[in-house]
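Undergrad: Here are the chains, one letter per residue:
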Amino acid sequence: MLKGLDTHVRPERAKDEYDASYILSLILDVGEEMLTCGAEINRVEDSIYRMLTSYGYRKVNVFAIPEYISVSIVDYTGKILTQSRRIYKFSNDFYRLEQLNELSRHTCSHNPSVTELYNRLENMDSVFYAKNTSLIALAHFLGGAGFCIFLGGDIGDGFAAGVVALIFLAMGRFSKVQNLNKIFYTALSALLGGLAAIILSHFGIGAHVDKILIGDIMLLIPGMALTTAIRDMLCGDLIAGILRFLESVMVAGAIALGYAIPIYLLGGMLP
Amino acid sequence: MMRIFIEILTATLACFGFSIIYQARPNRLILCGLSGGITWGVCCLAQQFTDNLFIYYMIAAAFGTLLSEFLARRTKCPATIFLIPALLPMVPGGSLYYTTFAVVTGNNADARYYGQRTALAALGIAVGLVIISVFMYYINELKFRYKK
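These protein sequences, in sequence, are chains S and Z.
Using my numbering, the final residue of the first sequence is 271, and nothing's skipped along the way.
Using my numbering, the final residue of the second sequence is 148, and nothing's skipped along the way.
Calculated directly from the structure, the hints in this document are not laboratory data.
Warning: the hint list may mix true and false statements.
Unchecked claim - With a straight-line Cα cutoff of 20 Å, these simulated SDA-like cross-link-like pairs (lysine to any residue) come out:
no., chain 1, residue 1, chain 2, residue 2
1, Z, K143, S, R50
2, Z, K143, S, D46
3, Z, K147, S, C108
4, S, K15, S, Q83
5, S, K131, Z, L29
6, S, K131, Z, N27
7, Z, K76, S, S109
8, Z, K147, S, R105
9, Z, K76, S, C108
10, Z, K143, S, S109
11, Z, K76, Z, L29
12, Z, K143, Z, E69
13, S, K182, Z, I21
14, S, K59, S, Q83
15, Z, K76, S, R43
16, Z, K76, S, D46
17, Z, K76, S, S126
Just so we're clear, the structure is a prediction, and the values are computed from it rather than from any experiment.
Please model the complete structure; the sequences and the hints are all you need to start from.
TA: Written out as structure tokens, the structure reads:
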């Protein structure tokens, strides 16, 4: 897997300020980051198409699925260029997405040069509280507890769900397991969460184990994957929809497996 | 009635928390939380008129999409930022989990019941969302052409 190498290509060997291969590479980087930050397939394909046609390239063909983008263009001299990106990581980063959207609008209206595009991409920052672990922990607690009470738990269940959410956060922050395999990682965190929920309810914090567990599920299921899958299919991106659908079913299976093991093992401890 | 009030309040808080996890810009956090709460309120309201899960999820999702498109126009940022928190309380994560859990433990009746609910909810949300977003897309195209 690609780690640390996935920075933008520095345009040192560009022939001039509008070298088509570097422009294409940087615009693909914009599209790649948009997909990574959680934009829809439609939006990514549309943005790449608009940006490239605004430079005056002909025969712009874009194809994107959640893991891959491929673009082919013909530049002014008649040279045919094709580049592609494989995408490995997914997250939701709305602040970055907003900046990327601005950059894409700017690119469409002003056609910036290679250097300017590169500088703008490199200087994109993340939101100031991204490094503030206590605030992120509070957010996880709120999210877990909120959804637990929302789905029918009482106050004690909500507290327990918040504590379990903190365990998921710790898993994400302090372990390198996340980089290995997404399904395995999800199953492992579900297992630890299930274990913690059963132990907490054994000591009297939270009465309904199943309510605690489904409150925390939203943190594990990647935001709205199932709905986005069906939406992609209805919009005509069949392959992207099917891939996302399969992924969400696999992740749900991993969560169920992870939760089932401690329930079987510690079933006798349940009141 | 009390139950609905608690649900709206906790949905707002949870969406607020999730928008911090998704790293929204600080001045959008409250709007993100509120859009989740209001959309769930509309879902509860629609539930009073019909028993069909598909129909009331579709209505609420259509409302949530309209709300997020409106907010996106006002704040000049992509609609996804408000759309994901707005639809988050309706996402059938719980029943998806119950379905797979029933499949894993071999409980066929539960698996069929929850599987049907999950599919209907996901389909309802997606249909409501697509109707409004296609509609908005054509309005945008018309505006663009008219300007030219």
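Undergrad: Against this structure, judge whether each hint is valid.
TA: Quick rundown of the hints versus the structure:
Of the supplied pair hints, the one linking K143 of chain Z and R50 of chain S holds, its CA atoms being roughly 17 Å apart against a limit of 20 Å. Among the hinted pairs, K143 of chain Z with D46 of chain S is consistent with the structure: their alpha-carbon atoms are about 17 Å apart, no more than 20 Å. For a cut-off of 20 Å, the pair hint linking K147 of chain Z to C108 of chain S stands: about 17 Å separates their Cα positions. Taken as a hint, the K15 of chain S and Q83 of chain S pair is honoured in the structure, with Cα atoms around 18 Å apart against an allowance of 20 Å.
Of the pairs offered as hints, the one joining K131 of chain S and L29 of chain Z holds, with about 17 Å between alpha carbons and a cut-off of 20 Å not exceeded. Between K131 of chain S and N27 of chain Z, the direct Cα distance comes to roughly 18 Å. Compliance with the 20 Å bound is thereby established for this hinted pair. A C-alpha spacing of about 16 Å is found between K76 of chain Z and S109 of chain S, which places the hinted pair at or below 20 Å, so the restraint holds. Restraint check for K147 of chain Z and R105 of chain S: the C-alpha separation of about 17 Å stays at or below 20 Å, so the hint holds.
Only pairs whose Cα atoms come within 20 Å are accepted, and K76 of chain Z paired with C108 of chain S is accepted, the gap being roughly 16 Å. Simply put, K143 of chain Z and S109 of chain S have alpha-carbon atoms about 17 Å apart, close enough for the 20 Å limit, and the pair holds. Under the criterion of a C-alpha separation no larger than 20 Å, the hint pairing K76 of chain Z with L29 of chain Z is consistent with the structure, at around 15 Å. Between K143 of chain Z and E69 of chain Z, the direct Cα distance comes to roughly 15 Å. Compliance with the 20 Å bound is thereby established for this hinted pair.
Only pairs whose Cα atoms come within 20 Å are accepted, and K182 of chain S paired with I21 of chain Z is accepted, the gap being roughly 19 Å. Only pairs whose Cα atoms come within 20 Å are accepted, and K59 of chain S paired with Q83 of chain S is accepted, the gap being roughly 14 Å. About 15 Å separates the Cα atoms of K76 of chain Z and R43 of chain S, which keeps this hinted pair within 20 Å; it holds. About 18 Å separates the Cα atoms of K76 of chain Z and D46 of chain S, which keeps this hinted pair within 20 Å; it holds.
For the given pair, K76 of chain Z sits about 19 Å from S126 of chain S by alpha-carbon distance, which is consistent with the 20 Å threshold.
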